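Protein chains in written order, with our numbering: chain A, 507 to 883; chain B, 2 to 292; chain C, 2 to 338; chain D, 3 to 260.
These are computed hints drawn from the structure, not numbers from a lab. Predicted, not measured: the structure shown is a model, and the values here were computed from it. Each residue gets a CB set at the ideal place from its N, CA and C atoms; glycine is no exception. Treat the hints with care, since some could be wrong.
[Said to hold, decoys possible] Quick look at which bits of chain B chain A covers, simulated, 3 or more residues with Cβ under 8 Å:
| hint | stretch |
| --- | --- |
| 1 | 14-28 |
| 2 | 118-126 |
| 3 | 130-140 |
| 4 | 204-214 |
| 5 | 261-273 |
[To be verified] Straight-line distance between alpha carbons at most 27 Å, and here's what the computed DSS-like set of lysine-lysine pairs gives:
| hint | chain 1 | residue 1 | chain 2 | residue 2 |
| --- | --- | --- | --- | --- |
| 6 | A | K757 | B | K129 |
| 7 | B | K129 | A | K719 |
| 8 | A | K805 | B | K57 |
| 9 | B | K57 | A | K704 |
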Amino acid sequence: MLRILGLVAAAVLWAAQGFAADPIKIGAVVSVSGPASFLGEPEKNTLEMVKEEINAKGGLLGRPVELVLYDDESDVNKAVLAAEKLLKKDGVCAVVGATTSGSTLAIMNKFPAAKVPLVSMSAAEKIVTPVNPFVFKVAPSDRHAAGRILKHVKAQGYKNIAILSVSDGFGQAGREVLKELVPAQGFTLVADEVFGPKDTDMTAQLTKIADAKPDAIICWGTNPGPAVVARNRAQLGMKTPLYMSHGVASKKFIELAGESAEGLMLPAGHLIVASQLPDSQPQKALLMAYTAGYQERFKSPVSTFGGHGWDSLKLLAKAIETAKSDKPEDIRDALEKVAAFPGIGGVFTFTPTDHNGLDENAFEMVVIQGGDWKILQ
Amino acid sequence: MLFGAPQYLVSGLTVGATYGLTALGFTMIYNTTGIINFAQGEFVMLGGMLSVVLLKAGLPLPLAILAAVLCSALAGCLMERAVIRPVGRAAPVNLVIITIGVSILVRGVVMLIWGKDTFALPAFSGAKPLRFLEASVQPQSLWVLAITLLVLGALKLFFSRTIHGKAMLACACERKAAALMGISVERMAMFSFGMSGFLGAVGGAILTPITLTSYDVGVMLGLKGFAACILGGLGNPFGAAAGGLILGVLESFGAGFISSAYKDAFAFIVLLLLLFVKPTGLFGGPKSDRV
Amino acid sequence: MAVSARSLQLAVFAGLLAAAPLALPNDYYINILILCCFNALIVMGLNLLMGYAGQVSLGHAAFFGLAAYTTAFVTATAGLPVWAGVPAGIAVSALVAWLIAVPTLKLQGNYLAMATLGFGIIVSIVFNEAVNITGGPSGFVGIPRLKLLGYAFTSDTAYYYLAAGVLWLATLVSRRIIDSRTGRALRAIHVSEQAAQAMGVDIARHKRFVFVLSAVYAGVAGTLYAHHLTFVAPSSFGFNFSVQLITMVVLGGMASLWGAVAGAFFLTSLPEFLRVFEEMDILIYGAMLVACMMFMPSGLVGGLGKLAAWLKRKLTANPTPGQKPGQKPGLKADSRG
Amino acid sequence: MAELLPELLAVRGVSVRFGGVQALTEVDLTARAGDITSVIGPNGAGKTTLLGVINGAVTPLGGSVRLDGADLSGRPIFERAAAGVVRTFQNLEIFSNMTVLENVMTGGHLHAGYTLLDSLLRTPRFRREEKRLAALCREKLDFVGLAHKAHLPAADLPYGEQRLLEIARAIAVEPKLLLLDEPAAGMNNKETQQLGAIIRRIRGELSIGVVLVEHDMELVMDVSDRITVLNFGRILAEGTPREIQDNPEVVAAYLGED
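Kindly generate the complete structure, drawing on both the sequences and the hints.
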């Protein structure tokens, strides 16, 4: 017994010595607290889980990974300070973040100057169009989600569309894309309403929408607003089909909306319907493993957002391994060459002109039935 | 043109009842102590969050709500004893900062213990909406309006019939004189904090089935509650409740007829214009406040 | 004698500002110093309004934001040079303040608080919703960095010295206003509007003046902020920030220039020190607010002054028998806020 | 009374209502330059309201207020101060956030002959004017006997001295007419006597007309040239102290009250 303990101790010591040499420092700016914490918390959890997983397997290039994570408290100023700190004080070789589009937009211009790659976990298209050579993002674009919804809408033969979006960065981005795509694809936009992130009653907006007699409503927001929208729609007895955005693709939404969630449709990443995927799907094994690992460790359901954390850190790890270097510029070059990399959010293929690497196939249209997701064919 | 007006009215009254109940809590404390309690919204949050937590812990709904409300009332008393009483007659602005600090603290504790998620509470009597004129009404809305009216009526009785109520009114009028007459101003202050904890929590508990709750709902409610108080005229409980309902209806009509993006702005513009014309609110006396 | 003491204070302040970057372990902290300067600038204006003239404003973040968005629009959208954007930003902020001052400042106490609060909220809603101009909730990108008289403030250190210089100048201006008939009139208004008027002070004009002046301070900070961050978003100019500003004024010490500076620097850098507590930081922040107000009702500067006086008494004389050991000096302090 | 001095203040037919209460009804009041004119009456008779009407704090329903023949009706308080009407307050309104000297210098607000720009640039004019003003204000403090306390915080003065400070501050405005609202309230006998002397010197040395509202009958009878008696918002009597003391209606009103 003692001997085994001794062996373990020696092994740990050896590992520690080996690791103590020279860690690879990766920074992260995450909204662990504040209004965006529902995104940031699973991201942070996942980042730490992935880091430990990598280190348990011997690290990268034989060196341990050190994650320097700062909370931006969902505040743009704090995000800028955190990015400054990572670049100037901690001297990291790459940065994951930020959680929100606003924070990412605020910090991303610092990265070309510092020649350090940034992998964002937020959705806005402005992050990667036009392409900023040092900025990548793993969250799928709103355009892809919206495209997926409109494809379904078109298949049903609907003509008149109403949109209802939350007045924050997420809702604004979706609203802009929808206002562009809806007319462009031959639909008529009959109503364009907005609600506040903290609003608790949307019957006024829905009543106004009902007056415009749309064939379908698209609601773009993150919890809890859309849950209130779903409840209010049921309360008003509206039968108009309601599409949600990928922003509510979590069990929490079904819990909050209760019975009124039944029949709602939304584009969702593969994660939440992993068990329903065919085994041939390239992501399936990965998704199942991540779900099991996360739920066991954090005792809470997985979310797409946590998946962004997985994707960004794993992509960086992959780039470091292929580059065989932790020089920031080498990592950047290697990132741009990543192809057909199965992640949580989709299968990534970066190119010099595409720093998001995903398309509409990152999403499945799902419907809520019996309190669970069902893939729509 | 007026399509939806009944619905807007119903929605506005429901949301307005939220603001009104928060505003009542403000009034309660303001009247006895002259303090604007910026932690008032946190009492509402506590009412909702504690009900959710206790329900999950296995208590039946009515019991969970009762316990949550009592806990919040206790929290109010505790707040008065711990941070308000020791500073005595400090400048009003200092007291405001203290209450802001308390609200940050309470929010932080709730966040650390129960997380940042949003939670729902089942409706008291089903969710099947009722039709009324052209509007659809959730049964819970009726609960909210009925309980708000009940609370208002009870307050009126309390102030006019009970010795405690009369003593509180005396403190409101003239603290020194009240003290001379043997009323313990300190006890009354603690009592008023307890009462407003109670009122806020009642609001939080009955509204959560409609509005959902999370650790940070108190900020917005506190803000709107304060606005409702001012709209009605600070210090007048009836004004506070009416101010809340008016504010809710303004927002709802603003969203319906003007622009949902600017509905809050619309409500605040009306409030500002009103203040410019009537600087002490709708039902406020000519006497300006003590600050 | 008072005059020379004040000049000395200003000189020491200049020295401290100049030396501050040298004491920093690395470049990152200079950004915090810059933010401290911006906040101190706004807080100093707000302190003139609140601490000296006694008029509360719960919407000062709006003036900060108006200036920031204006210069952003003028430079990034309209493509005009920065030297046009900065004055335009300050002017818009001042103009809006001038327009709302008259009806608003007739209100008293909590009603005034509500009116300014409402104003702040309306402005922040406009920032959020006027997407075509402001970029909406996700922010305004691509604001150029500051370039004045051919000198581009590219390094953070250069920007810090600019911000610190402006702060010092604002302190000087404030000092000179306070120590003049205008300053006396403002302080008189704080205590008794009746008596001030009876002395021939046109209180409406003075209130408007100080309100506009505080908006100018916030405006200067706003334009500098926009060109430093090169990005602005509505969330930086909301109700929360207004409340933080008030907290800085009160925590630093009402009616004290150094209080404004101390409050702003302390509260702006505090979260940096609280990071070690991780998730608990918010609790400690809240608890510190409460504790400061309970034990230092006249703010940091007043509290430190009392502490110094108390220490001096302790050191110069033996403890008097009446003095209870361990009695906190601040506890007895009353605030004349 | 040998000859009548020129009329300084002429209040004619002033009425005031507060809500449902008629505070003043058709009140006339005349104060002559170089006179001390007192207004007395039981509590609630409307004395302070009358002062308010004169200095502009209270808007009357009707009637007029003239100073040196110029109509002041409808003009705001600060303009009346500039025109020469200044008052003190029954409930002390000392600027507690300033030193004693600064309080008086605030009284000299209108006489500081420099602009905001001067103060920002600290021009020679600013320095000269501030120096002159400070010297002037010290004189005023000296006048009421507070010169030695110039640099103390005003809030630290004892009650009686705060009353004197209010007077010093008011005369620093260099008014034509000074309205004193119960200046002796809370003073002991000795202080009241000193106050009486100061009030006389205000008339004598500074040539400022005084309207005095006061409950201390000894002081009133001692210093006043003319007295007006108010009761329930109406004028009950007007005359010299002797005439008033002998007026049976006045005696009845006072006896009735106490």
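| query | Counting residues of the stretch 130-140 of chain B with a beta carbon closer than 8 Å to any beta carbon of chain A, are there 3 or more? | reply | holds (count 3)
| said: Just to be careful, I want the Cα atoms of K805(A) and K57(B) compared with a cutoff of 27 Å; is the pair within it? | reply: holds, 16 Å
| query | Within a Cα-Cα threshold of 27 Å, do K757(A) and K129(B) meet the stated pairing? | reply | Given that 27 Å is the threshold and the Cα spacing comes to 23 Å, the pair holds.
| query | Okay, the stretch 14-28 of chain B and chain A, do three or more residues pass the C-beta test at under 8 Å? | reply | It holds: at least three residues are needed, and the stretch 14-28 of chain B offers 3 whose Cβ sits within less than 8 Å of chain A.
| query | Are K129(B) and K719(A) close enough, with their CA atoms no more than 27 Å apart? | reply | With a Cα-Cα distance of about 23 Å, the restraint between K129(B) and K719(A) holds, given a limit of 27 Å.
| request: Take the C-alpha atoms of K57(B) and K704(A), compute the straight-line distance between them, and say whether it is at most 27 Å. | output: holds, 24 Å
| field | Proximity test - 8 Å, beta-carbon atoms, the stretch 118-126 of chain B to chain A, at least three hits | value | With 4 residues in contact (Cβ-Cβ under 8 Å with chain A), the coverage given for the stretch 118-126 of chain B holds.
| said: Quick check: do three or more residues in the stretch 204-214 of chain B have a beta carbon closer than 8 Å to a beta carbon of chain A? | reply: With 4 residues close enough to chain A, the hint holds.
| message | Between the stretch 261-273 of chain B and chain A, are there enough contacts, at least three residues with CB-CB distance under 8 Å, for the coverage claim to hold? | response | holds (count 4)
In terms of the numbered hints stated before, the structure departs from none.
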